[in-house]
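*Asks:* Here are the chains, one letter per residue:
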Amino acid sequence: MKKMISVCGYAVSALLFLSYVVILGTSLFPDVCAEYRLYYIDKDLQDWPGYGGLQYRLGTPVVFRSTAEDRTKRRGNSWNSFEEDGCWTYGDHSALYFSGISPEDGNSGTETPERYVEIEVQEVREGAVSEVCANGEPIGQIASAGTFRFELPQGMPEGDILLLEFFTEGFGAVGEDARNQGIKVREIVIDDAVE
Amino acid sequence: MMRWNNGDRNADGWKKIREKLEDTKWLVFIVFAMVAVSRLLIYLNFLIWSGRNSFDGGFFDALSIYDTAWYKSIIGDGYWAEPRWGDQGDSANWAFFPFYPLLIRGIHAILPFDYDLLAFFVNSVFFAFALVLAVKYILFTREDWLHALVFVFLMAFGVYNFYFSLLYTEAPFLFFVIAFFYCMERKRYLWMGVAGAFASGTRNLGIMLVFPLAAHYLAEYFGSNRFRLKTFFGNFFGNVRLVLGTVLIPFGFFSYMLHLYFRVGDSLAFVHIERSWGKGDLTNPFRVLWNSLVNVDSFVFYLSLWGVWGIYCAWLLLCRKRWAEFVMAFLVVMIPLSASVIGVPRYLMGCFVPLLGFTDGMGKWQKSQIFALCIFSLVLGEICLWGWFDVEAFVM
Chain W
1 MKKMISVCGY AVSALLFLSY VVILGTSLFP DVCAEYRLYY IDKDLQDWPG YGGLQYRLGT
61 PVVFRSTAED RTKRRGNSWN SFEEDGCWTY GDHSALYFSG ISPEDGNSGT ETPERYVEIE
121 VQEVREGAVS EVCANGEPIG QIASAGTFRF ELPQGMPEGD ILLLEFFTEG FGAVGEDARN
181 QGIKVREIVI DDAVE
Chain D
1 MMRWNNGDRN ADGWKKIREK LEDTKWLVFI VFAMVAVSRL LIYLNFLIWS GRNSFDGGFF
61 DALSIYDTAW YKSIIGDGYW AEPRWGDQGD SANWAFFPFY PLLIRGIHAI LPFDYDLLAF
121 FVNSVFFAFA LVLAVKYILF TREDWLHALV FVFLMAFGVY NFYFSLLYTE APFLFFVIAF
181 FYCMERKRYL WMGVAGAFAS GTRNLGIMLV FPLAAHYLAE YFGSNRFRLK TFFGNFFGNV
241 RLVLGTVLIP FGFFSYMLHL YFRVGDSLAF VHIERSWGKG DLTNPFRVLW NSLVNVDSFV
301 FYLSLWGVWG IYCAWLLLCR KRWAEFVMAF LVVMIPLSAS VIGVPRYLMG CFVPLLGFTD
361 GMGKWQKSQI FALCIFSLVL GEICLWGWFD VEAFVM
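Protein chains in written order, with my numbering: chain W, 1 to 195; chain D, 1 to 396.
Wrong hints could be hidden among the right ones.
[Unchecked claim] In silico lysine-lysine, DSS-like type, Cα no more than 25 Å apart, as pairs:
| hint | chain 1 | residue 1 | chain 2 | residue 2 |
| --- | --- | --- | --- | --- |
| 1 | W | Lys43 | D | Lys15 |
| 2 | D | Lys279 | W | Lys73 |
| 3 | W | Lys3 | D | Lys364 |
| 4 | W | Lys3 | D | Lys136 |
| 5 | W | Lys2 | D | Lys364 |
| 6 | D | Lys136 | D | Lys279 |
| 7 | D | Lys364 | D | Lys136 |
| 8 | W | Lys2 | D | Lys187 |
| 9 | D | Lys136 | D | Lys16 |
[Stated by the list, open to error] Label pairs and their calculated CB-CB ranges:
| hint | chain 1 | residue 1 | chain 2 | residue 2 | range |
| --- | --- | --- | --- | --- | --- |
| 10 | W | Glu169 | D | His259 | 46 to 54 Å |
| 11 | D | Asp61 | W | Arg149 | 46 to 54 Å |
| 12 | W | Ala178 | D | Asp390 | 33 to 41 Å |
| 13 | W | Arg149 | D | Arg105 | 21 to 29 Å |
| 14 | W | Pro138 | D | Asn295 | 21 to 29 Å |
| 15 | D | Phe232 | W | Gly100 | 54 to 62 Å |
| 16 | W | Gly136 | D | Asp390 | 52 to 60 Å |
| 17 | W | Gly100 | D | His259 | 50 to 58 Å |
| 18 | W | Tyr10 | D | Phe227 | 20 to 28 Å |
| 19 | D | Trp290 | W | Thr67 | 51 to 59 Å |
| 20 | D | Arg105 | W | Tyr10 | 30 to 38 Å |
| 21 | W | Leu58 | D | Phe286 | 48 to 56 Å |
[To be verified] Derived list of chain D stretches under chain W, where covered just means 3 residues or more per stretch with a C-beta under 8 Å from a C-beta of chain W:
| hint | stretch |
| --- | --- |
| 22 | 168-177 |
| 23 | 247-259 |
| 24 | 264-275 |
Keep in mind that the hints were calculated from the coordinates and are not lab data. Backbone N, C-alpha and C fix where the C-beta goes; we use that ideal spot for every residue, glycine too.
Using the sequences and the accompanying hints, generate a full structural model.
*Replies:* As structure tokens, then:
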């Protein structure tokens with residue numbers, strides 16, 4: 001009887017230990033949405049967008065003005081605070097996240113439409129140049145204020161996330177403001193070209 | 001000079017007090033009486049404070065601030081599927097471990113009183129039983145009733161004593177940690193494991209109890225053996241109660257992780273959600289402590305002094321070769337400090353071993369010094385209590 005109790009004790013111990021290993025394993029493969037992963041796990045997002053908050057509907061303006069109630073929550077970590085007329089990038093790399101854009105989104109025809117991203121730039125620090133990339137592929141360059149339209153490569157995005165990145169050279173202080181600033185973005189729109 | 005375990009206190013005049021403490025019925029009565037008086041003092045303080053500040057609310061309205069709302073959300077709604085609170089709506093109740101809210105919820109199902117009222121009484125009972133066990137532990141390991149009495153006084157009437165009657169986890173966690181150490185010292189390893197399981201289900205720090213157990217085992221082994229691989233592992237695995245007791249300790253912790261995986265999709269949600277409180281990745285605790293120590297104008301300076309005190313208490317335990325207690329005291333101060341100084345005082349007071357180490361050191365003090373400390377602790381406790389009523393940051 002005593003031996004049987006011992007055996008049971010060891011069996012329970014082994015089972016518990018194995019279950020802990022399995023549970024630890026689940027921590028390596030979280031089953032969460034993109035917003036959760038980017039904000040809490042990878043800590044790549046500056047603002048919490050809420051579940052589904054990174055979903056993007058083509059043609060919707062992405063606003064960077066502090067006065068706008070719907071100012072964007074798609075910013076990665078390297079952006080300065082919102083200002084009345086836009087938001088400065090911070091340092092040499094700033095990112096924006098979009099999800100839910102299907103490569104054929106909005107297309108009712110047989111041909112894939114030309115998809116573009118339009119960036120309204122309020123201001124550029126003197127000497128700064130920002131290369132814009134979409135999911136790692138360069139799509140254009142910004143060196144002055146104005147509105148820029150860049151085509152997205154065919155079939156983008158391939159995964160769930162469209163990552164827009166600004167790789168900026170010549171960033172630094174602007175006037176008396178000592179913050180690392182590159183380009184000041186006012187608004188962004190992603191849409192399909194109308195034929 | 002008064003010394004702990006002074007032979008004078010074995011004289012007839014003191015014998016009766018010792019006998020009373022060693023009689024469990026009397027011990028429970030004495031400790032419960034002290035806790036009851038200390039809870040009454042909290043209430044009297046509230047009456048004075050509310051009179052002076054024209055406070056409209058009741059006693060529990062004044063007590064129920066900061067994290068009590070989080071525990072109530074778990075008691076009422078369970079764990080949320082997504083974040084809801086906070087300035088950005090990015091906070092969730094996942095950071096708070098489940099045993100205590102589940103317990104209150106269960107008791108509420110039978111006794112449907114206000115949560116704060118229930119918690120006040122339930123936690124006060126936990127607190128009293130924790131102190132009973134603390135006396136038994138001190139008598140078993142230090143064989144000194146005066147040390148035990150001073151410890152109980154400092155806990156019941158000293159600084160942050162009010163935390164043990166709030167809708168917080170301090171009281172149950174304290175009880176389970178003391179129960180863990182008591183059972184471990186008495187070699188009742190199954191009960192030790194059960195206490196550890198409840199501790200790890202009450203607060204994430206509970207899982208760290210495996211390390212004091214490891215220190216206890218190492219001390220026991222090397223105290224009577226020369227190292228041989230066969231006996232080192234054989235003595236452990238040959239004791240089924242010890243094996244099962246050890247494996248039981250993380251049970252509460254991993255159970256919660258499993259629940260979070262099914263509820264949220266992330267078994268580490270209780271860690272990741274800390275971002276919403278502005279707590280980043282863990283960093284060097286000494287750097288955190290230093291940065292707070294040099295911030296003399298801020299309340300974090302006061303909190304950092306507690307960090308220094310915690311390190312000192314761990315040091316005292318190390319000097320006395322109380323290995324298991326030292327390991328726990330070290331972890332209790334270092335782990336919170338690696339994130340922030342906020343909450344360090346209540347973590348230290350709520351974990352039993354730091355104050356135990358400090359009272360060990362008091363054995364070399366004069367009677368007048370011990371008396372002065374008791375009074376100082378009482379006064380500081382009143383200041384902290386009023387700080388709590390005033391929703392001051394330094395008592396968080």
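*Asks:* If a hint holds in the structure, say so; if it does not, say that too.
*Replies:* Here's how the hints hold up against the structure:
| no. | hint | verdict |
| --- | --- | --- |
| 1 | W/Lys43 x D/Lys15 | violated, 62 Å |
| 2 | D/Lys279 x W/Lys73 | holds, 20 Å |
| 3 | W/Lys3 x D/Lys364 | violated, 50 Å |
| 4 | W/Lys3 x D/Lys136 | violated, 33 Å |
| 5 | W/Lys2 x D/Lys364 | violated, 49 Å |
| 6 | D/Lys136 x D/Lys279 | violated, 38 Å |
| 7 | D/Lys364 x D/Lys136 | holds, 22 Å |
| 8 | W/Lys2 x D/Lys187 | holds, 19 Å |
| 9 | D/Lys136 x D/Lys16 | holds, 16 Å |
| 10 | W/Glu169 x D/His259: 46 to 54 Å | holds, 49 Å |
| 11 | D/Asp61 x W/Arg149: 46 to 54 Å | violated, 59 Å |
| 12 | W/Ala178 x D/Asp390: 33 to 41 Å | holds, 38 Å |
| 13 | W/Arg149 x D/Arg105: 21 to 29 Å | violated, 57 Å |
| 14 | W/Pro138 x D/Asn295: 21 to 29 Å | violated, 46 Å |
| 15 | D/Phe232 x W/Gly100: 54 to 62 Å | holds, 57 Å |
| 16 | W/Gly136 x D/Asp390: 52 to 60 Å | holds, 54 Å |
| 17 | W/Gly100 x D/His259: 50 to 58 Å | violated, 29 Å |
| 18 | W/Tyr10 x D/Phe227: 20 to 28 Å | holds, 25 Å |
| 19 | D/Trp290 x W/Thr67: 51 to 59 Å | violated, 41 Å |
| 20 | D/Arg105 x W/Tyr10: 30 to 38 Å | holds, 35 Å |
| 21 | W/Leu58 x D/Phe286: 48 to 56 Å | holds, 52 Å |
| 22 | 168-177 | violated (count 0) |
| 23 | 247-259 | holds (count 7) |
| 24 | 264-275 | holds (count 9) |
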